Structure formats: C-alpha cells, structure tokens
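Residue numbers (the numbering used here), protein chains in the order written: chain P, 1 to 428; chain B, 429 to 756.
Derived from the structure by calculation, the hints contain no laboratory data.
In this text the structure is predicted, and so the values were computed from the model without any measurement.
Be careful, since some hints might not be right.
[To be verified] Going by beta-carbon spacing under 7 Å, a handful of chain B positions derived as facing chain P:
| no. | residue |
| --- | --- |
| 1 | 531 |
| 2 | 534 |
| 3 | 552 |
| 4 | 553 |
| 5 | 557 |
| 6 | 576 |
| 7 | 638 |
| 8 | 639 |
| 9 | 640 |
| 10 | 643 |
[As the list claims (entries may be wrong)] Here are some chain B residues the structure puts well away from chain P; computed CB gaps all over 10 Å:
| no. | residue |
| --- | --- |
| 11 | 464 |
| 12 | 497 |
| 13 | 529 |
| 14 | 540 |
| 15 | 554 |
| 16 | 573 |
| 17 | 716 |
| 18 | 717 |
| 19 | 720 |
| 20 | 750 |
C-beta atoms are modelled at their ideal positions from N, C-alpha and C, and glycine is treated no differently.
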Amino acid sequence: MSISIINGRLIDPAHGIDDRLDLHIDGEVVVAVGDAPAEFAADEIIDARNQVICPGLVDLAASLREPGYEHKATLASEAAAAARSGITTLLCTPDTNPVIDNAAVVELIHRMARKLAQARILATGALTRGLNGEHLSEMAALKQTGCVAVSNAHYPLASTLVERRALEYAATFGLTVFLRSEDRHLRAGGCVHEGVVSTRLGLPGIPSAAESVAVARDLALAQHTQAKVHFRNLSTQTAARMIREAQASGILVTADVAAHQLHLTDMDVDGFDAECHVSPPFRTLSDREALRRAVADGTITAICSDHQPHEPDAKQRPFPETEAGISGLETLLGLTLRLVEEKVLDLPTALARVTQGPADILGLPYGRLGIGSPADVCIFEPEQRWTLDSADMLSEGRNTPFDGWDFPGRISHTIFNGRVVYRATDKR
Amino acid sequence: MSTQRSQNLQLNEHGRLRHFLTIDGLSRELLLQILDTAESFATLPGRPVKKVPLLRGRIITNLFFENSTRTRTTFELAAKLLSADVINFNISTSATTKGETLLDTLRNIEAMHSDMFVVRHAQSGAAHFIAEHASPRVSVINAGDGRHAHPTQAMLDMFTIRKHKGDFTPLRVAIVGDVLHSRVARSQILALNTLGVSEVRIVGPRTLLPTEARSLGVHVYHDLAEGIRDVDVVIMLRLQNERMDGALLPNEHEYFRLYGLTDERLENAKPDAIVMHPGPINRGIEMDSAVADGPRSVILQQVSYGIAVRMAVMSMAMQSQADLGTEA
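Using the sequences provided together with the hints, build the complete structure.
Dropping the structure here:
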C-alpha cells in the first residue's frame, strides 16, 4: 500500500518543517517529503488542500482499562477513539487488573493491540509489584518485553527509600520513570483544590503544597540517583517553576501536563460538577496561566490526554465519592489547538507538544515525519470547527466536562503504520 | 457560576423555593420570607405549636444517611404539625454498605411516592446530587451534607437572632470554634451576610479555620477575647470528639483554656449579647455550664424555633410545587 498526501501544509516540528510539501508513504514508512521518488505510483492520493499534515499524535498517559476494568473501557473501544482523534501512539498506564508488572500482561496487551491495528499501544510497566509501593517490579523483564517506561500510576510509594531504590533500579536498565508527584499525607482525603471554592463548598481540599513538597523530594532523588525522571501531570505554578529551575541547573528531568489542566480551574468544580473531579485537581487561574507559560517556554514538552474513561455510575454520586478523571483522548488535539486560538502557542509549537515532545521524552522514533519514519500521520482542517457531543464519543467513557464545547481542527484522516485507520465521514 | 447553578436548582421559574439546599444564591427577600413564614408558626417557647392542615395528604420522607436523632425528630415533628405523613429511612449503614448506589436507593424510595425528601448525608454535595436526580415533583430539603451546608439550622439561628435583636444590619456576630469542618458555620456566614449584618467574625486556631476563610466575607480572629469584643451575638460551634486530640488540637484542655466560653470571657461581648450553640453542647469544652445555662444563653429557644423554621421551609417548598400545575 502506498499513499501520497498532496497540496497540504506539512508541519513536522522535529525537522523544523512548516511548508507546503507533499508526503509519500510506502508500506509502513515515509519514503519522501516533497517530490515523490522517481517512478512512485501511489495506490491512494489524499488531497489535503486547506489541511495540515502532521505526525500522528503521541500520548504519554492513557488508562485503557483492559485487562480488568472492561466495564469502563476496552482496548478495542479506546483504540478506535484514538484513531479518530489523530493519536497513533499511546502509552497505557499500568493500573490494570492484573497490574502491568510482569511480562505476560505486557505481551497480552501488545498482542491485542497488534490485532486491533488502530494505534500503537505501548505499555508503561509498574514501578512496584502490584503497584503496592513497596516491592520493586521485574523491571528488566518488563523492558525486555517492550515496556518503554515505568510508573506507579497514581499510587503512592511507601517511602522515600523505596523511591530511591526504584529510581536506582530503573536507572540500571535506562528505563524512564514517570512520577506523579503528590504527598499523600497532605492530600489526606481531599478531592478538590484547597482554596476559595473548597472553602465555600465545604469539600475537603488538596493544598498546592501536596504537589510542591513532592516535586522537591522527587527532584532531589532524581539528582541523587541520576535516573531518567519524567514528571507527570503537573497542576501548580510552584511545581512548574521548580522544574524550570531544576532544568536550568542541569538536572535532566522532563514534564507533561494534562490538556484539561490548561483550560479549566477550580471554579469549574462549582455546583459540584463531578465531570470536573480530576486528580491532581483543577487549581487556580494563576496556576493555569503558569502551566500555559511552562508549555510555551518548553519547561513542559508534552501535553497528554490523561485519559480516564469511566462508566456513568462512577460519576453519579455525591462529588467526593465520584471517581476522578476525564475521558480525554477525543479532546487532546482540540484542546491543544484551542491554545493556538488563544495565542498561547503557535501552531508548530502546539503540535510539537503532542508529537515530537512526548516522543523525545522517551527517545521514541515516532511523532516525526522524516524519510524512514514510521508512517503515522494526522491530517486535519484547522479552520473547520466541530462540536463535542459526548453521546457521539467512541471511547466507552463519556465522562467529559467539554460536552458541547466547540473545537478547531476537524480531523479528516489518521494514518497509522501506513494504513488509513480513520477517515472522516460527513458526520464530523 | 455556582450561585447560578444552585439558584436554578433551588428556585422554580417563578423564583419560588423548590428545594432548600444551601443559603448560597438565595436573596435577602427570600430569607426574610422564610423568617416571616416561620413567625406565623411560632409560639412562645414551651407552648405547643398549633397543628395546621397545610400539608395534609403529603408524604415526607426523612432520608438520613448519617445518624441524627435530634435533627430527624425536629423535622418529623415539623412535618406532623403540618399534617403531613412521615416516613423515616435510616440508611447510614444498611443499603449503601450492601453495594447499592445512592441513585438506586433514591429510585427505590421514589417508587414509594413521596413529595419531599429531607436529606442528611456525610458527603458535601449530596443534597445537590439528590435534587438533580430526583423526579421533578419531589422537593429536597438539605438537613446537612458533609461540611457543605445545613441551611435550616442557619435559618433557625437567624430566627433566634431576629427574635432577640430585631434588625440585622447593626449586628456584629462572632462564630467560635471548628469552622473548617462545620456545615453549620458555612450556612450561618452566608445567611448573616445575605441579611446584611455589619460584621461576621470567625474565631479559632488556624487548624480549625478554612485556608481561604476571608473569601467567605468574614474577619478572622485567633484570640477569643478579641474576637468577641463588642459583639451582639456569640455562636459557639460543636467540637467533634475525634478532632480533640491529634494533629488538629493538642487536647481538649488547651482548647477550653483558649476558646472555651466562660462568664468572664463573655464580659468582652456587649452586655446584652446572646450566646448560641447548634447543640449538642460539650460542657467544659466549648463553654462552661454557667454560660450554657446562664441568662444570655438562648440555646433551648433555638431548638424550639427550629420546628417553626422547618415548618416554614417545608410549606414554602410544597407550595412551589403547586406552580407545576396539574399535569401529573
């Protein structure tokens, strides 16, 4: 199968390309950028007039729920949602049941994903056995079977000593460790940001210090162990500043943020809106602005979906009892492109944060469109707007606070590994 | 935003009280209407309230997910004095621990036909949740949800204050104790500010006050004598046993030494200041018996006015259902 994508605006941040260039794919790889190779005859020609051609999106953190929580979502449903959303590579979190702490679960997920052939699903291994926070997982075996990173999902580690050992052990194999920095004691029973809204609604709050205390600890251990540490899902301005300063002082750490954190604040929780129950919680407007600046200045190089699909019951309870999280795959590109509209980022930088940025954090060969690169492509019409209707989502989880939001950038095609896995119909 | 949401939820399209979930978003006029309606039911303390037929044929269900004999009883009494039939459900440990969701519990009880739910729940926002999911012909009265709101308690406190002080506008009011965990305090602060008192103060150690307390429209004091200086009303909050020793407070003795109300300390307030407490009192922790039983204590009046205020809220919410017409 060969494809030529013509007449479009090609944006490939990894190669600094933003130009009217054609893209030619043969089999599973990109064979030419610009003019087609001599005697190249494409089986399919996609006319991308008025459209942007960019690398398929890379999402560092999506909870795909299978195996174990199929009442929330399945690999099949979520892979289809990813394909429609331009996401061609996604890292699933290890909080499945059984946990991704051994080679068998990794192989199961990889095998199912290969069969689905909708997106590249890579496993994040568990940092500790059963995510129990105490015993190290078999990281060498996990790496061997294809885990590209390890994390303890949103579960805390038992102590700083366990954290130190886990970082050292991961570093032995060159595995990147994803950390969700949150001091569980300061979190206590909190479910929203501790501030004006938690005070008025009487909801137990999580102070900003729960994050900054943990980031300070994690930075110190990253420096001490020289492990590759990646900070997941920042929520506070203090954490963004600390990481910026650490990077400036030569500590090699990276960071990401969930797309929804760049748009909503704790004010959106008002009225007890359970769709806005997320972890870490939405914080203040000044936190949101600081996170936006950190994305713009490159302190944060990846925007993630932090996809957490839930069954309706999970959100149909009094607010503190609802489960945290947003079904985020289908709004990742839309929320990122909104940052361009709101003049936070220019278009190539915005696309870098969902393609090259996350890929580079793990040294993955995706999220770029050089000759020989895997043929993962997203084609979207930047001027064409669409409205999210949660009933129309492909993810099994319809839990989103963005129902009814209007987004720029209607996706027309997603190409994964040289095959068109999504083609827009008239509906959307 | 929330004001908008809770207002929409609490009021019908004619601006009448449909549910009573929180003071947040309600107008001064509406609060005064509640007080005036309560006035029509109230009698002198110690005298029985007359039974009226306003809610004859109506079924009121007490849905208590948290134990409280006292509050449940006053709601039950208020309902009976309005001639309604009352069903009590104590669900604190039964259904929900068996895995039934709150929504299922709600649907089951709805199937038994009820015109009003009086709800108490340990989680903030539970009453909103139930109001959002209940059928349109059911009114929901919040009898306390988590740390969020306890609006009928706040209104009976306002009623008591008005009985003694008349006009709200010149008043200074101090609320003393565990504001952080108190749904009563949150509702009182909102009610006092909506009714236009001159100053609301909260008094306590920083561990028992919310971090953004000032955003509620209060002045913050850590010294009791300073905090109640020249106030017209002193409201003491209950300190839950589990909060007395641990990381919030060293022990009850130090708490009483710093924040316990004694006759001597009460000298700092205005000579005609009244002392209130939502009950039950921990004597020797929040206040001395001499204060609790003293001439300035209006604690028992609060309890009896509570019945009239609850009758007022219930009858108003039921009357707003008449606006729904006869389609059902």
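Index of numbered hints that the structure contradicts, given in increasing order
2, 13, 15 and 16
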